[in-house]
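Protein chains: 2
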Amino acid sequence: MIRIGIFGYGNLGRGVETAIKKNDDMELVAVFTRRNPEDLKIETKGVNVYQADTIKSFKDKIDVLIICGGSRTDLPVQTPELAKYFNVVDSFDTHAHVSEHFQNVDKSAREAGKVGVISTGWDPGMFSINRAIMESILPNGSTYTFWGKGISQGHSDAIRRVEGVLDARQYTIPVEEALESVRSGENPYLTTRQKHKRECYVVVKEGADKARIENEIKNMPDYFSDYDTVVNFISAEELKKNHSKMPHGGFVIRSGETSEGVKHVIEYSLKLDSNPEFTGSILVAYARGAYRLNARGEAGCKTVFDFAPRDISPVDYSELLKHTL
Amino acid sequence: MIRIGIFGYGNLGRGVETAIKKNDDMELVAVFTRRNPEDLKIETKGVNVYQADTIKSFKDKIDVLIICGGSRTDLPVQTPELAKYFNVVDSFDTHAHVSEHFQNVDKSAREAGKVGVISTGWDPGMFSINRAIMESILPNGSTYTFWGKGISQGHSDAIRRVEGVLDARQYTIPVEEALESVRSGENPYLTTRQKHKRECYVVVKEGADKARIENEIKNMPDYFSDYDTVVNFISAEELKKNHSKMPHGGFVIRSGETSEGVKHVIEYSLKLDSNPEFTGSILVAYARGAYRLNARGEAGCKTVFDFAPRDISPVDYSELLKHTL
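These protein sequence lines map, in sequence, to chains A and Z. Residue numbering for the first sequence follows our numbering, beginning at 1 and increasing consecutively. Residue numbering for the second sequence follows our numbering, beginning at 1 and increasing consecutively.
Derived from the structure by calculation, the hints contain no laboratory data. Among the hints, a few may not be true.
Stated by the list, open to error - Pairwise CB distance ranges, derived in the manner of DEER restraints:
| # | chain 1 | residue 1 | chain 2 | residue 2 | range |
| --- | --- | --- | --- | --- | --- |
| 1 | A | Lys45 | Z | His323 | 43 to 49 Å |
| 2 | Z | Asp167 | A | Ser318 | 54 to 60 Å |
| 3 | Z | Ser235 | A | Ser318 | 47 to 53 Å |
| 4 | A | Thr44 | Z | Glu180 | 35 to 41 Å |
| 5 | Z | Asp25 | A | Pro314 | 32 to 38 Å |
| 6 | A | Asp226 | Z | Arg72 | 51 to 57 Å |
| 7 | A | Ser318 | Z | Asp222 | 39 to 45 Å |
Said to hold, decoys possible - Listed next, the in silico BS3-like pairs over lysine-lysine satisfying Cα-Cα at most 27 Å (straight line):
| # | chain 1 | residue 1 | chain 2 | residue 2 |
| --- | --- | --- | --- | --- |
| 8 | Z | Lys197 | Z | Lys241 |
| 9 | Z | Lys45 | A | Lys322 |
| 10 | Z | Lys22 | A | Lys21 |
| 11 | A | Lys245 | Z | Lys263 |
| 12 | Z | Lys263 | A | Lys241 |
| 13 | A | Lys322 | Z | Lys218 |
| 14 | Z | Lys22 | Z | Lys59 |
| 15 | Z | Lys149 | Z | Lys84 |
| 16 | Z | Lys195 | A | Lys322 |
| 17 | Z | Lys263 | A | Lys45 |
| 18 | Z | Lys218 | Z | Lys197 |
| 19 | Z | Lys45 | Z | Lys21 |
| 20 | Z | Lys263 | A | Lys41 |
| 21 | A | Lys195 | Z | Lys263 |
| 22 | A | Lys240 | Z | Lys263 |
| 23 | Z | Lys322 | A | Lys149 |
| 24 | A | Lys107 | Z | Lys322 |
| 25 | A | Lys195 | Z | Lys218 |
| 26 | A | Lys22 | Z | Lys263 |
| 27 | Z | Lys245 | A | Lys149 |
| 28 | Z | Lys245 | Z | Lys197 |
| 29 | A | Lys241 | A | Lys210 |
| 30 | Z | Lys59 | A | Lys197 |
| 31 | Z | Lys56 | Z | Lys107 |
| 32 | Z | Lys322 | A | Lys84 |
| 33 | Z | Lys21 | A | Lys322 |
Glycine residues also receive a C-beta, built at the ideal position from the N, C-alpha and C atoms.
Taking the hints into account, I'd like the entire structure generated from these sequences.
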């Protein structure tokens, strides 16, 4: 059994906990939180919650620690620090700082003889694997990534900061015509506006100026001004009833030619009822991978690009040959 | 530059040759044939064609040999034999004999200190990778594979053996309703007939009994009797004009739950203008992989399950982190 620890128990931490139950070769041994452990009620019976700063004493009791913090402030500090004591897996997704994060984790993990897997999940993660393989097998072509339909936490938060807004959910939605054009192999040039649209469900204070709020949202730089945005004002009850889930998904499509006029289209897509549960499932598979790589003597920072399918599979190689190849 | 040899110059050999041109880190150094080399005209200028049995003298001139024979009689002999002298890649696809082929290639390659990659292409190959990864990240679910729309060589050949038939092409086509049901996450049980249908284009001798031929095709065991089959009689000209290309494709879909009622659907699909050119492109990417694994000291039989994305990518790891992750 691979002994797993969860560091941070928000939506993603709960997703990881759920995923561990579906994997017979893993067991959850401890959950760590910066909150008061007594305030936390976890799903798994018989597993304790500990204060985050006690974690070093678990050095010999945990094979892989899955770090479920946020990319902005948590992971840049936590992953390099915890890689000094544990094999770790995180879902760092701030694209602009990946190289820096890689270097920091690599240094700690190498010195400790541990494996630190960063930027795992579905994007970065599964989408990255697919982009890399598609581009290797079809070097002459173009790759397109579309996200959604799904909730964007960052965009939902941005709407909540508008004066008069009580709560909000924002869906990122791929533009169907753009998807179809890419799938047809037309290799189109697509602007930001042509690729995705944004749909907002907004709850406002009584008597708030809806026209002003809608205008502020639609013209918000970086977040909305480059997109076609639809703003729907709804009640708090409606928001809770119809928009409290965390669906997501997306598409990676590569189209290209192997010779003049001979086209090929490769497509990978995800349709997810729960972003954190699916992401958690991926982190758990790469925890298995981290454990195996470390067991065969590897150390340092790794990404999904470093793992062969057999490294993350729960199935024996001979069975993979018989039933999966 | 990775020096590539092509062993066997049929449709797939030509596909490999085409693919090498799209990869800047590779060069074609020789083509080997069992036919008279002088009868063969290849695309690449300045590259010679040699008689197959002279190949051992190229031991130090070729880094990876891509073997483009058939799975029934060629590859079971050629791949283990040639792995004694070269890193090799093949596209062996006879499912029932994969384990045996693996053992044979493994023995030769290990003894010679070479890497032998078997069963590369899109199925087995890309579809296998996707099945393995999907099942690792979503262990509780069902995987479905659909093929087509595309020409099946085996089924086309079977029709040609019917008395009175001059030529034929058979398209395997996924049943749209089945695809939609799988995509919806319904997790359906599907019979052979419910998954694929077969569409045949048949040229017959003048005065042939079309009703008898249609009946014989539709009731042919193993090939057609378990499917809904449509038989279209056309002229030789029409066959040549409309059905002389080699398109193919297919879908791998996994649907499953991470917790009660929380569903996820993962889909990988290919739409290919030319089956041999696309397959050739994949063989070339895994030739790069074979070269790299061997360069770092590995030997023995490998499959797509053994290669991490970075092993087959033409792009530097630091660039992958920056632009592909």
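Comparing the hints with the structure gives:
Look at A/Lys45 against Z/His323: about 45 Å separates their beta carbons, and that is inside 43 to 49 Å. At roughly 42 Å, the beta-carbon separation of Z/Asp167 and A/Ser318 lies outside the given 54 to 60 Å, and the hint is violated. Taking 47 to 53 Å as the suggested C-beta distance range, the pair Z/Ser235 and A/Ser318 conforms, at roughly 50 Å. Judged by the Cβ atoms, the range 35 to 41 Å given for A/Thr44 and Z/Glu180 holds: they are separated by roughly 37 Å.
Distance hint for Z/Asp25 and A/Pro314: a CB-CB separation of about 35 Å, consistent with the stated range 32 to 38 Å. A hinted range of 51 to 57 Å holds for the C-beta pair A/Asp226 and Z/Arg72, which are about 56 Å apart. Checked against the hint of 39 to 45 Å, the pair A/Ser318 and Z/Asp222 fails, with Cβ atoms roughly 27 Å apart. Distance hint between Z/Lys197 and Z/Lys241 is fulfilled; the C-alpha atoms sit about 23 Å from each other, no more than 27 Å.
Taken as a hint, the Z/Lys45 and A/Lys322 pair is broken in the structure, with Cα atoms around 42 Å apart against an allowance of 27 Å. Between Z/Lys22 and A/Lys21 the alpha-carbon distance is near 45 Å, which puts this suggested pair outside the 27 Å criterion. Of the supplied pair hints, the one linking A/Lys245 and Z/Lys263 holds, its CA atoms being roughly 12 Å apart against a limit of 27 Å. A C-alpha spacing of about 19 Å is found between Z/Lys263 and A/Lys241, which places the hinted pair at or below 27 Å, so the restraint holds.
Taking the CA atoms of A/Lys322 and Z/Lys218, the gap is near 31 Å; set against the 27 Å cutoff, the hint is violated. Of the supplied pair hints, the one linking Z/Lys22 and Z/Lys59 holds, its CA atoms being roughly 25 Å apart against a limit of 27 Å. The straight-line distance between the Cα atoms of Z/Lys149 and Z/Lys84 is roughly 38 Å, outside the 27 Å bound, and the hint therefore fails. A threshold of 27 Å between alpha carbons decides the hint, and for Z/Lys195 with A/Lys322 the separation of about 22 Å falls inside it, so the pair holds.
Distance check on the hinted pair: Z/Lys263 and A/Lys45 sit about 24 Å apart at the alpha-carbon level, within 27 Å; holds. Note on Z/Lys218 and Z/Lys197: the hinted pairing holds, with a Cα-Cα distance of about 11 Å set against a maximum of 27 Å. As the CA atoms of Z/Lys45 and Z/Lys21 are separated by approximately 11 Å, the hinted pair is consistent with the 27 Å bound. Distance hint between Z/Lys263 and A/Lys41 is fulfilled; the C-alpha atoms sit about 24 Å from each other, no more than 27 Å.
Simply put, A/Lys195 and Z/Lys263 have alpha-carbon atoms about 26 Å apart, close enough for the 27 Å limit, and the pair holds. Between the alpha carbons of A/Lys240 and Z/Lys263 the distance comes to roughly 20 Å, so the proposed pair stays at or under 27 Å and holds. Straight-line distance between C-alpha atoms of Z/Lys322 and A/Lys149 comes to about 26 Å, which keeps the hinted pair within the 27 Å bound. Taking the CA atoms of A/Lys107 and Z/Lys322, the gap is near 19 Å; set against the 27 Å cutoff, the hint holds.
The hinted pair formed by A/Lys195 and Z/Lys218 fails the criterion: a straight-line CA distance of about 46 Å is larger than 27 Å. For a cut-off of 27 Å, the pair hint linking A/Lys22 to Z/Lys263 stands: about 14 Å separates their Cα positions. Taking the CA atoms of Z/Lys245 and A/Lys149, the gap is near 37 Å; set against the 27 Å cutoff, the hint is violated. Our distance criterion of 27 Å between C-alpha atoms is met by Z/Lys245 and Z/Lys197, whose separation comes to about 20 Å.
In summary, the hint linking A/Lys241 to A/Lys210 is supported, as the alpha carbons are separated by about 22 Å, within the 27 Å threshold. Between the alpha carbons of Z/Lys59 and A/Lys197 the distance comes to roughly 57 Å, so the proposed pair goes past 27 Å and is violated. A distance of roughly 19 Å separates the Cα atoms of Z/Lys56 and Z/Lys107; the hinted pair therefore holds under the 27 Å criterion. For a cut-off of 27 Å, the pair hint linking Z/Lys322 to A/Lys84 stands: about 25 Å separates their Cα positions.
The hinted pair formed by Z/Lys21 and A/Lys322 fails the criterion: a straight-line CA distance of about 34 Å is larger than 27 Å.
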